[in-house]
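S.K.: The chain contents come next:
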Amino acid sequence: MSENISFEKVTTEYYDVLKELGNIGAGNATTALAQMLQCKVDMKVPQVRLLDFKDVGEAMGGEEQMVVGIYLAVEGDITGSIMFILEHDAGKTLVSKLMGMPPAEGAFSEIEISAMKEIGNIITGAYLNSLAQMTNLKMLPSVPDLNIDMLNAILSVPAIEFGIVGDKILLIQTAFTDDVDLNGYFILMPDLQSYSKMLGALGLSI
Amino acid sequence: MANIVKVGMADLNVCKSPDGITTLGLGSCVGICIRDPIAKVGGMAHAMLPDSTQIANNSNRAKFADTGIDDLVKKIIALGGVKSRFEAKIAGGAQMFTFQNKSDMVRVGERNVQASKKKLKELGIPLRAEDTGLNYGRTIIYYPEDGRLVIRAAGKPEKTI
Numbered sequence: 001m002s003e004n005i006s007f008e009k010v011t012t013e014y015y016d017v018l019k020e021l022g023n024i025g026a027g028n029a030t031t032a033l034a035q036m037l038q039c040k041v042d043m044k045v046p047q048v049r050l051l052d053f054k055d056v057g058e059a060m061g062g063e064e065q066m067v068v069g070i071y072l073a074v075e076g077d078i079t080g081s082i083m084f085i086l087e088h089d090a091g092k093t094l095v096s097k098l099m100g101m102p103p104a105e106g107a108f109s110e111i112e113i114s115a116m117k118e119i120g121n122i123i124t125g126a127y128l129n130s131l132a133q134m135t136n137l138k139m140l141p142s143v144p145d146l147n148i149d150m151l152n153a154i155l156s157v158p159a160i161e162f163g164i165v166g167d168k169i170l171l172i173q174t175a176f177t178d179d180v181d182l183n184g185y186f187i188l189m190p191d192l193q194s195y196s197k198m199l200g201a202l203g204l205s206i
Numbered sequence: 001m002a003n004i005v006k007v008g009m010a011d012l013n014v015c016k017s018p019d020g021i022t023t024l025g026l027g028s029c030v031g032i033c034i035r036d037p038i039a040k041v042g043g044m045a046h047a048m049l050p051d052s053t054q055i056a057n058n059s060n061r062a063k064f065a066d067t068g069i070d071d072l073v074k075k076i077i078a079l080g081g082v083k084s085r086f087e088a089k090i091a092g093g094a095q096m097f098t099f100q101n102k103s104d105m106v107r108v109g110e111r112n113v114q115a116s117k118k119k120l121k122e123l124g125i126p127l128r129a130e131d132t133g134l135n136y137g138r139t140i141i142y143y144p145e146d147g148r149l150v151i152r153a154a155g156k157p158e159k160t161i
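Protein chains in written order, with the numbering used here: chain C, 1 to 206; chain R, 1 to 161.
Straight-line alpha carbon distances no greater than 30 Å define the calculated DSSO-like cross-link-like pairs of lysine-lysine that follow:
id : chain 1 : residue 1 : chain 2 : residue 2
1  : R       : K16       : C       : K54
2  : R       : K121      : C       : K54
3  : R       : K156      : C       : K92
Treat the hints as calculated values from the structure; they're not laboratory data.
With the sequences and hints as input, model every part of the structure.
M.R.: Laid out in structure tokens, this is it:
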């Protein structure tokens, strides 16, 4: 394991690349979402932020707010994992659109959970596809796993993965706009070796 | 009026009775609560990883169960606690997703709990109660006054251990 690579050493250039990756990935994800829902979905320019563990919950809207977390492993030329986090109500809205029903109150039902998994699958799949095309690296996603819980509890999983290499977490925030604003967050967690591979494929080194 | 001190992820802090101390939304991380029941001082650590010796980047001591507990004990002593009287409670260490397939991540919640227990045992601090494992997040509030640990989880009744 290369000990010297750390997210603290993020250069402006590196940051811009990640932002661009975030932008294109989220753009693809938005297109996929619009096709699935058969309606127009707009996207705001994503924000890429590097945050301290203790601040990330608050920066995302409160440690205890309920969110949907979709988590997948990635294999192939790149290994690691990816997480997509969506606010609880935004998740409910998307599911109701997919199922062609008015949004139901309260907790997710079994069928809503499987619809949400499908949405997560398509969004993260589109995201990974665009990364794979840009870098010419193979990225194979696993079946997604989903949990609905307090933001910080969901975040603990990627935070722990980032914790192995540093003290910050890299967050790509994407707002999808439909009739309502839907806030989503992508968190990419390539293994250390994969990070250098990915940036190398883009002509950068860290 | 009692205050509630907040502890973030990979963070630790201490307080004096009647104040309480809290951390919000523990997932796979573990919350370690220690107090001196006579001096009524105590504190909480929110550790993310079990073992600082396994990780190259270990400058943030509160991030790990082992060094986090060491530092928490020192801070409670500095606030007037006597180590021989210390007692502990722990919570958290959930497995939030069914697969966490990377070698470093395998059962990290469970390993966080085990590492915390091992460290407490080494220091001779008795573990009075725990609420650990399973697959959901927990918000916890600890009161050094009487050692109460209040646990809140989404869609579940509040409980005190």
